Every structure is written in C-alpha cells, then in structure tokens.
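K.L.:
Take the sequences, apply the hints, and build the full model.
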Amino acid sequence: MTDNTSPATSRAVDVVAAEPVGREIGRRLLITLGPILISLVLAGGVLVAVGVDPLAYYGLVVERGLLSPLGLQQTLTRMAPLLFIAAGLIVAFRAGMWNLGGDGQFLLGAVSAAASAPFLVQALPGWLALFAAFLIATAVAMVWSLVPALLRAYQGVNEIITTLMMSFLGVSLANVLVKLVFLDPGTTVPQTRTLAVADRLPRLFETTITSGLVFGLVAIVVVHLMMTRTAFGLRLRIVGANPRAAVHAGLDVPLLTVAVFAISAGLVGMGGAIDIIGIQGNVRADWNPAYGLAVIPVVFLARMNGFAAIGFVFLLSVLSIGGESAARRLGVPQHFTLVLISIVLITLAIAEYLDNRLNQARRA
Amino acid sequence: MSGFLSDTFLAALLFGAVTAAIPLLLAGLGEQMSEKAGVLNIGIEGMMITGAYLGFVGAYYSESLWLGFLTGAVGGIAVAALMALLCVRIGLNQIVIGIALTLGLEGLTAILHHFQFSRSYPRLPAAEVTAIPFLSDIPVLGPALFRHHLIVYLAVAMVVVMVWVYRRTQLGLNLQAAGDKPAALDVAGIDVIRTRTVAVLFTGGMAGLGGAYLANVGAGLFIPFITNGAGFLGIVLAMLARGRPLWVLIGALIFGASLSLTTAAQVAGINIPTDLIQMLPFLAVMAMLVLFGRRASLPAALGIPYERGAR
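Listed in order, the protein sequences are those of chains A and B.
Numbers 1 to 364, taken from our numbering, label the letters of the first sequence in order.
Numbers 1 to 311, taken from our numbering, label the letters of the second sequence in order.
What the hints contain is simulated information worked out from the structure, not anything from laboratory work.
These numbers were taken from a predicted model, which means no experiment stands behind them.
Here a beta-carbon is modelled for each residue, glycine too, at the ideal position from N, C-alpha and C.
Treat the hints loosely; a few may be bogus.
Claimed, not checked - Just so you have them, the derived chain A footprint on chain B, three or more residues with Cβ under 8 Å: (1) 111 to 124; (2) 230 to 236; (3) 278 to 285.
Claimed, not checked - Here are some chain A residues the structure puts well away from chain B; computed CB gaps all over 10 Å: (4) Gly22; (5) Gly51; (6) Thr162; (7) Leu293; (8) Val332; (9) Ile343.
P.N.:
Here it is as structure tokens:
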C-alpha cells in the first residue's frame, strides 16, 4: 500500500513556505478546530433527527467525562489500554502496514492475561505474577499476527484483508476460550476467574486512576522516539515510504515486516493485558469493547505522531466515558461516539486538502 | 445420524448456502469493478450496512420487497458517491476514508435502528419464491437451487453481464486501463476520474443491494452490525477472483456454504458453540488466502489517486 499523500511530506512543504509563526499557528488552529466544530454540528443533526437535544448530550458528555472528578478519573483510566493500542498502530502505520486486526489481538491478549493472572498470583510474588501475565498476553497477540505478517512478507498478500479476517477469528476464538476453556467454575455468569482487586495493578496515589496509565504513556513515548530517533525506526519508515527502495538500500524487508507486525500486535495485546490486570480483573463472555477499531481514526487524526496521539486518545476517552453516561441518561447508544469520530476524520481530511490547495494557489 | 444426511436436510443446507452466498456475490462483483479501476473500496462494508438498513426501512414501510431492494441500492450508491467525491475526485487516502465511512455508518445505522425498531424488532414476511418450472422438481437440487426469490436469479445473471462488460465493451477496457495504467487512458482521451467514479458508484449499488438482500430475505429484519464483515468478504472474493466474475460466484458459493453450515449444524442438534461455528467462513477465507494468496494479483495503480500530470 503506497500512501502518496502522506501528511509528513505535506507538512515539510508547509515549513518551507516560511510564513510568520503566528499566522502559521493560527492557520493550524483554524483547520483543526473548524472541522471539529462542523463535525459537532453535523453529528448534532443526527441527535436532532432521533429527537435528542444535542446541547444536552454534549453538555452531559463534557460534564461526566471531563469535569466531574469521578468521571475524569475514569477517563484517565480508560486511556491506559487505548494508549497501548495507539502505540501499536503507530508502529505499523508508519511502516506502511495496515494492521486493522486490533480487536482480535486486543481480546486474545486480554483473555490470555485473564486466564493466567489468577493462577500466577498464587505462585509468584504479586508484581512478578502481573508481569508474567503481561508477557504471556503480549506473546499470544504476537503469535496471532504471524499469519498476516508471513503472508505479507513472503507472499505479498495484502495485509488489510488478512488482519481484518484474523480479527473476526480472534474475537470468536476469545469468546470460545472464555466460554469453554477458562470458565470460572465458581460463578454462573460465563466469565474467567476474577483477579482480586488487591492483586491488580496499584492505583495512582489517592485516586481511582490505574497505574496502567503511566505504562501506557511510557509505551507511546518510547514508540514515538523509536520511530523518530533510532536507526531501527528509520529503517521501518523507509520500508513504509518505499518498500522497493528499501530492498535496494540493503534492508531485509520481509524480516522487518514480520518484526513490525510482532511489535504492533504485541503492543495491542499489552493493551488487553493492562485492561485486565489493571482495571477489569476478568473477561466476561461476549465482551468486546472494539477499542481497536475506534483507535484507528484517532491515530490518523494524530498523523501517527505519538504526542498528538496522547491528546486524541484523551479526547476519545472523554467521549467514551461521557458517552456511557449519556447512554444511560439520554438513551443514545454509545455508537454515537463512533459516528462523531468518523465525521471528524472526514471533515479534517477535507480541510487539510482545501488548505493544501489554497497554499498551492498562493505559491503559484 | 440419518437426520443429518436426509434429503430435506441436504436441500435446506444447499438452500441456505445460496441464500448466504447472494450478498457476498453482489458485494464481490461490485468490489471487483472498483478494484479493476484502481480503487480499493474498504468503505464497501459501510455501503452494505447502509443498504441493509435503508433496504429494510423501504421494504417495511412500503410492504414491497422490490422497493426495499431499490432503496437499499440507492443508499449504497449515495455512500459510494461520497466515497467517489472524496477519494476519486479530490484524491484523499482511500483506506482512511473507507474505514471512516464504514465505522461511521455502522454506528449511524445502529443508532437509527435503536430509536426506530429496538422496542418492537419488526420482521418482514417471508420472501415469496419464484420456482423455475421443471428444474425446481428435481429432488434435493430443485428446492435448494431453483426456488428462490427472483432477485437471486438476477444476481447470478449479473455474472454473465459482467463477463460481457469486461470482455466485449469499451467500458470494460477503460476500467482495466484505469486500474493498470491510468495515464495511458488519459492520453487516449478518456476521463480517468469519470471511469473510476462509475466503478465506485456501481460498487455502491451492488453492495447496497447485497445488504438489502441480507436484511430483507436472508434475515427478514435489520439488526445493528448485521453485515458482520460480509463486505470485507466481498473484497477477499474480488482479490482472489483476479478480475474474473465467474470466480466471484464460485468463491461466494464456497463461503456461503460455510456460513450455511453454521445454521445447519444447529438445526441438526450438533452441539458446537456458535462462536466456534462463526469462525468457519473466516477460516475458509484464511485457508484460501494462504493457498492462493500469492496468485491474487491486483491492478498496478490500485489505491493510488490519479492526478493529471503528477509524477
């Protein structure tokens, strides 16, 4: 998949134009906030159509997701798994590989952690047990990405389709494992054994925020630095920019491809593990938060930049925690968050296009 | 064990395979044209779910399946028009926009369904079938293959139409060129953008129709996320068929059979968890990709927006 309109190149051109700094920042703000406002209006139209007051909805989302102390803590906790997923997607997308199989990798990671952690805590000291469960989840997710990775590396099969298919498979397999293999015999609810709250990752200070948030932040910053500051990251970006040139530069493209998939899926699997050993404690049957798909637009919006992704993941968490409250209070299904993010993604892409056209016209 | 192999059971299994194959066939034939013309249409899942929703709404309120097929196809075309505008005309990234359209429309149709139908979950009456004279009297095969809604025969006939379009018409050549060497088509005086737009709109119509069939005939109702990856399966079919419509039909029947096994096994009382059976079609896809993936050739300019004079 070659991406000719990569955001990186268009930004480089903008810098060459050497506008006054103030105007440049103002323009950036305009083409970012303008589309977001338009999206809020468009999505509000959907709410009006189904008979819900959009202002009441947005108000409730902001209040519950951002302003109320409890809501903000939930929002920050929600960020932990999402940051890992974003980190995993950034590695793949920057290397020009479309890992769209996040949901399967996430759930298999989560189920592996949920299945192993309650046993490991009995045998090992607490932190070591959690670390072991974390590693198991990572390894399982990595293995799950092996088929698409090998197919792309050695057979040239398009990874968009194979990762999607493996995702459908992974979600079903995770369900089968929960219902048949790792079922908790102690309850009638189909779910895995529950990791006691005391055995989970500690919370930060006196809050309910999981310390998984810190790990997530570290993961995404490390990934960002790896991709932008190391020789390995440069190699991956060369593969992403032009695989044929990468071959001529003497890079082992098939091996790097497999490595990219392993790192990407591993990070997504870590997100699943963090969600279990830090927050949920078990996996219920048919549980699929579909974080993998929701994070894809977020990573695009952040233009695959790790620091920008932190900001957008925060926004997604606010929308998703606030949206859960609004779902209970106003009866709007949570899918609304998905609709809003999709509209933002499309309007931002259009704004960027118009901005580029305008710049070209001015220069010509 | 005799129950599993009885004639009626076998007929039901085959009937189910055809019913499950039709949406895949329509989506696959549609996607094939997009891919031929150089547009990787990831948004097809969004077009299908829109077709399923609008098709159901149309059929439910008008009490006519045909009107439902029409509204479904129009819905798919509307989404395709947006996709064509964004990805063909102004050249935005096809994968980004395709994913955005799919996610957004899955969410939107789920919300609309929630407010309209989630209390009552209305069903449509069973679709009336057209029995083909003589052929429908063949034991087992007759009821399985020749007693379907008229649209099924039309869908299969589309395979022949597509073969004719690709082999015998100017449009077919133009489509091929738009995917393999768009600049050459442009030099020949034919508008690449227009050719690709036609292909994407056709995909939307076929995907919308497939979605409408899935909801109205296959299920008899609309539920959120009902397409469950059928559009993506259509993409796989188009990839594996290498531009040949007949192979889309064969592939659709194979995937349809594995989907139909899901229900058949439950009917026969074989005690396998549904999740395990739901993996079957996707396992079949992966197996085919592993076996034949290397030969799944795609057009040279697939996924690359065409811009005149660009190097």
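K.L.:
It remains to establish, for every hint, whether it holds in the given structure.
P.N.:
Here's how the hints hold up against the structure:
1. 111 to 124: holds (count 4)
2. 230 to 236: holds (count 3)
3. 278 to 285: Our answer is that it holds, as 5 residues pass the Cβ test (under 8 Å) against chain A, meeting three.
4. Gly22: holds (29 Å)
5. Gly51: Violated, because the least Cβ-Cβ distance between Gly51(A) and chain B comes to about 7 Å, which does not exceed 10 Å.
6. Thr162: violated (6 Å)
7. Leu293: violated (6 Å)
8. Val332: violated (7 Å)
9. Ile343: violated (6 Å)
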